[in-house]
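So the chains spell out like this:
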Amino acid sequence: MSAHPPMYFKNRLYYMLLAAGGLVALAGMYAVHLMEDHGHVITGMNNQIVWGVPHVFAIFMIVAASGVLNVASIGSVFGKALYKARAPLASLLSLAMLAGGLMVLMLDLGRPDRIIVAATNTNLTSVFAWNVVLYSGMFALVVVYLWTMMERRMNPMTKPAGFAVFAWRFILTTGTGLIFAFLTARQAYGSALLPPMFIVLSFAWGLAVFHLTQTILYAWNDKALDPAIMQRKRNLLGVFVVGSLYMVAVYHLTNLYFAQQVGFVRFILVDGGIYPNLFWWGYVVIGNLVPLALIYWPGLGRTRCVFAASLLVVLGAFALLYVFIIGGQAYPLNIFPGHEATSSFGDGQIASYSPSIYEFMLGFGGLAIAFITTTVSARVLDFMPQDKPHVTD
Amino acid sequence: MSDIDLRRRNFFKTSLGAAAVAIAPGILLFDIAHGKPQAVSGKVRWGMLIDTTQCREGCNDCVTACNKENGLSGGTSATDSQWIRKVEIKEISTGRKVSLPMMCQHCEKPPCVDVCPTGASFKRVDGIVLVDRHLCIGCRYCMMACPYKARSFVHEPVTGQNPDVPRGKGTVESCTLCVHRVDNGQQPACAESCPNKAILFGDLNDPESEISRKIRSVASVQVRADLGLNTGVRYQGL
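Protein chains in written order, with the numbering used here: chain A, 1 to 393; chain B, 1001 to 1238.
I should point out that these hints are in silico values taken from the structure, not numbers from a laboratory.
Careful, some of the hints might be misleading.
[Unchecked claim] One side of the interface only, derived from the structure: several residues of chain B facing chain A at Cβ under 10 Å:
id	residue
1	1063
2	1120
3	1135
4	1145
5	1170
6	1229
7	1238
[What the hints assert, rightly or not] Restraint-style ranges between C-beta atoms, simulated for each label pair:
id	chain 1	residue 1	chain 2	residue 2	range
8	B	1160	A	144	34 to 40 Å
9	B	1075	A	242	48 to 54 Å
10	B	1040	A	192	17 to 23 Å
11	A	263	B	1230	26 to 32 Å
12	A	352	B	1090	21 to 27 Å
13	A	154	B	1018	41 to 47 Å
As the structure is a computational prediction, the values presented were derived from the model and not from experiment.
Built from N, CA and C at the ideal position, the CB exists for glycine as well.
Generate coordinates for the entire structure from the input sequences, incorporating the hints supplied.
Written as structure tokens, this is what we have:
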């Protein structure tokens, strides 16, 4: 037997995790340096697939950062004690993922050195410009919200701050959906359904990330989550997963009904190679059906099942975003309706895309930033949910 | 002469010298950049009428001229810039084939300008849609928004630039309607190079211009007219 107390190993594990996260973040920075040096030619992105894997990572993190605040809103806005106890952890996760997602988005720019230009020159008709305000405002608002919760003297302000965050995050996710909804000519986008779809997706993805973190946090602190609380939260995850599947189904069904969209839907759902595979296996089966079984199947639904379900929901999210963002660009733009087109610039052809290692390094770098922020904060501050002896609501 | 007067004279002399030193490089650079003192007129709307019946399949002269004029490599890999491209289209129901050049359509209501977060994408009052290379942050949202795939992103460092057409790695670019030539009273390179004179360039706002007269007399269409963007480039025989 070792002479060291258990705490010793935990400390070492903590620093090892931190070092691992730091290394991944560093690798991301190195990828950015190379992209800066050589240009985007070293990525898999090109003039047809202009947004690639970094955008999949960034949009996942930004959408989940908004959705995870659902936990906080149910506590602060609807006054549920069970969720109130979890609001600080939810806020922390939101800040961490927002930071990670925005970092990826900014560092993927062709000229990240000009980020100050985005802050000083604003085109009011651009939803990207609105998002600059929405994302930074969200960050500031969540910091204030967290402060009202963690500073005892500020506690009376928690409810108004919670309300503000509640409203802001709806607008923020609407803004994220609008990035695509405003694209007039692309078959995959330009639908008013996208903002509400992103909001419902954010609920499921955010809660899944919350479950993962909460389970690890409880295990780290040698605590067991009250089964009654587990039961309620797992049911909520189930409802959100069903809700998001419904929104995605309606989005494809409406497209399927429009004659000019049938080709695109066929591509995404039937004969588009990697995209239908990722959609059906990655998103529908792994990201929805298996998690639902793990949650609702009689005899399942215990802590480990919910942990696994959450992990699969996150993986499914990446699959869906890959299909949505990259598949949506791969299908040729219909510039001449009723005609077949060919050119040297990919007209009428399915665009090919093979992501490079640097894109993944940047994406995982963003995740690492979120991981480091969460890990360090959870260690130095008290983010462990403190439940009352009896759950009254 | 009093002391005070001398000091005043010296002060004027120094000020004049400093002002000259400050302004001279500006004047010099303005001259080098072929700058014009008068602003662009909003009374003009530059546009093109492309007669597809005169556009030969396999002819690439407009593309070559554009590449040469604007210092593009002429490469056609997925990461190379193509400001103008030849598109061969075939009507699915009839099999009728048409060959045409496709480039920025210089919309009256350009989606690229609407979505650009920094205002780098902008439309001049004379209808030419451009990218301000100093404001573009390389987000590529305009490329997502353009219904004509008219824009390219500079994926690599660029060399051999034409001083009149600055380009830069990490920014988005597209057909400028050869704005540097138009401002000097010349035609865009593609229009000038077409062996069949299939590209007619001119002022759409002037009812007496050749392009306006032709648009009145022949049937022409805007590509994706259903989007309501009112393009500056029209096609005949499509």
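Against the structure, the hints:
1. 1063: OK, holds: residue 1063 of chain B within 10 Å of chain A, min 8 Å.
2. 1120: At about 8 Å, which falls below the 10 Å cut-off, the nearest Cβ of chain A leaves the hint on residue 1120 of chain B intact, so it holds.
3. 1135: holds (6 Å)
4. 1145: Nearest chain A Cβ about 6 Å off; hint holds.
5. 1170: Residue 1170 of chain B check passes; min Cβ-Cβ to chain A is 3 Å, inside 10 Å.
6. 1229: holds (8 Å)
7. 1238: Hint on residue 1238 of chain B: holds, closest Cβ of chain A at ~8 Å, below 10 Å.
8. B:1160 with A:144: 34 to 40 Å: The hint (34 to 40 Å, Cβ to Cβ) is violated, given that residue 1160 of chain B and residue 144 of chain A are roughly 53 Å apart.
9. B:1075 with A:242: 48 to 54 Å: holds (49 Å)
10. B:1040 with A:192: 17 to 23 Å: Once the Cβ atoms are compared, 37 Å apart, the range 17 to 23 Å for residue 192 of chain A and residue 1040 of chain B is violated.
11. A:263 with B:1230: 26 to 32 Å: With a Cβ separation near 27 Å, residue 263 of chain A and residue 1230 of chain B satisfy 26 to 32 Å, so the hint holds.
12. A:352 with B:1090: 21 to 27 Å: holds (22 Å)
13. A:154 with B:1018: 41 to 47 Å: violated (56 Å)
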